[in-house]
Amino acid sequence: MEVIRDISNLKFSNRTGVALGNFDGIHLGHAVLINKLKNLSELYGYKSVLFTFDDHTLKIINPTRAPQLLTDAEKKIELLSKYGIDFVVMIKFDKDFSLMTYEEFIDKIIIQTLNAGIIVVGYDYRFGRNGEGNTDKLREIGKKCGFDVEIVSPVVVDGIKVSSSYIRELIKKGMVDVIPKYLGRYYSLKGKVVRGMNYGARLLGYPTANIDIDEELCIPRKGVYITRTCVYGQYYMSVTNIGYNPTFSDKSLSIETYIIDYENGELYDKIIEVEFIKYIRDEIKFSSVEQLRKRINEDIVLAVDYFRGIDTVNIF
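The opening residue of the sequence shown carries number 0 in numbering that gives the first Met the number 0; numbering runs sequentially from there.
Keep in mind that the hints were calculated from the coordinates and are not lab data. Beta carbons are placed, not taken as given, at the ideal position from N, Cα and C, and that holds for glycine. Honestly, I wouldn't trust all of these hints.
Stated by the list, open to error - What follows is a set of in silico ranges between Cβ atoms, one per label pair, in the way DEER data are often shown:
| # | residue 1 | residue 2 | range |
| --- | --- | --- | --- |
| 1 | Val156 | Asp304 | 25 to 33 Å |
| 2 | Lys143 | Glu1 | 24 to 32 Å |
| 3 | Asp53 | Lys81 | 30 to 38 Å |
| 4 | Glu1 | Tyr43 | 30 to 38 Å |
As the list claims (entries may be wrong) - Subject to a maximum C-alpha distance of 25 Å in a straight line, what follows is the list of computed DSS-like cross-link-like pairs (lysine-lysine):
| # | residue 1 | residue 2 |
| --- | --- | --- |
| 5 | Lys74 | Lys293 |
| 6 | Lys136 | Lys171 |
| 7 | Lys191 | Lys277 |
| 8 | Lys58 | Lys35 |
| 9 | Lys180 | Lys136 |
| 10 | Lys172 | Lys81 |
| 11 | Lys191 | Lys136 |
| 12 | Lys284 | Lys160 |
| 13 | Lys94 | Lys46 |
| 14 | Lys143 | Lys107 |
| 15 | Lys284 | Lys74 |
| 16 | Lys221 | Lys172 |
| 17 | Lys142 | Lys107 |
| 18 | Lys171 | Lys35 |
| 19 | Lys142 | Lys171 |
| 20 | Lys74 | Lys35 |
| 21 | Lys171 | Lys10 |
| 22 | Lys172 | Lys74 |
| 23 | Lys136 | Lys172 |
| 24 | Lys58 | Lys171 |
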């Protein structure tokens, strides 16, 4: 898969199959759309192209309504690379792009740049200035300009349409254990391990990895979670606390993970990824360090018992 980040001089000489959208999270609905793109492109003999942006379009169009992201650009590319498509065109959505009419978008991007022979979009896809372009207009112009349009219906799980916005709601509520039904995997946060206040090792006997996360990413609700942490490609059982360390009266939000049975040295400045498996409890202010230490030990035992009770072949 080739990733293209600049389209100023881009022009595909042969016809392509093109998928359009934000694709935040690459959830099960996106998976259906991407596989449809791949299959139709192979059928038509086209190269497959997924056209998207490195940030959410609402960040420019209406910043107050811009959602926190499920995936940053790096994670989005990583996930897309597993689908076997030929090209991902991922560009920055800016003010100039937001002012482009839907007719201009079709002419400049779909026809002149991407040379699309077939377009694949979701049922609710909108594009162009003020979202004036929709699937009906895309089909109408496609008939005139010589490209086909395939509209993908929503994926419904347990009576609920799979969407990035619904998955964000689940994350904010801490309902991480049901997220795989819609996302197709556990929700995760990836970041560099930074130095915190060192309460875990210094006072509690449980050294934690404090990860620095992009503030634009969606953070699960405050509390303690059973997690799975990837370090150097190896997965470990873990327990993660999201919050303000009320026992120590901290004022800044932290994401701290105790990695069970990890004995390979310090992780400072290393990149780790934490997958959120199950919510355990709210963050609690304890009256003493000893009470906190005891509860952390109980959380760890709970996590180990949880992993022992599930099909670990499919999770590790």
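Worksheet entry | Lys142 paired with Lys107 [C-alpha distance capped at 25 Å] | Holds, at roughly 17 Å.
Fill in: Lys284 paired with Lys160 [C-alpha distance capped at 25 Å]
Roughly 38 Å separates the two Cα atoms, so the pair is violated.
Worksheet item: Given the proposed pairing of Lys171 with Lys10, does the C-alpha separation stay at or below 25 Å?
Response: This hinted pair is violated, its Cα atoms lying about 41 Å apart.
Worksheet item: Given the hinted pair Lys74 and Lys293, is their alpha-carbon gap at most 25 Å?
Response: Between Lys74 and Lys293 the Cα gap is close to 36 Å, so the pair fails against 25 Å, i.e. violated.
Practice prompt. Decide if the proposed pair is consistent with the structure: Lys172 and Lys74, CA atoms, cutoff 25 Å inclusive.
Written response: 23 Å, holds
Worksheet item: Within 25 Å, alpha carbon to alpha carbon, are Lys221 and Lys172?
Response: 9 Å, holds
Worksheet item: Does Lys143 pair with Lys107 here, judged by a C-alpha cut-off of 25 Å?
Response: At roughly 15 Å apart (the allowed maximum being 25 Å), Lys107 and Lys143 satisfy the hint.
Discussion item. Check the hint pairing Lys142 with Lys171 against an upper bound of 25 Å on the C-alpha distance.
Written reply: 43 Å, violated
Worksheet item: Would the pair Lys58 and Lys35 pass a check requiring their Cα atoms to be no farther apart than 25 Å?
Response: 28 Å, violated
Worksheet item: Is Lys284 within 25 Å of Lys74, Cα to Cα?
Response: 34 Å, violated
Practice prompt. Determine whether the Cβ-Cβ distance between Glu1 and Tyr43 falls within the hinted range of 30 to 38 Å.
Written response: 19 Å, violated
Worksheet entry | Hinted pair Lys74 and Lys35, Cα distance within 25 Å | 21 Å, holds
Hint check: violations occur at hints 3, 4, 5, 6, 8, 9, 10, 11, 12, 13, 15, 18, 19, 21 and 23; the rest are consistent with the structure.
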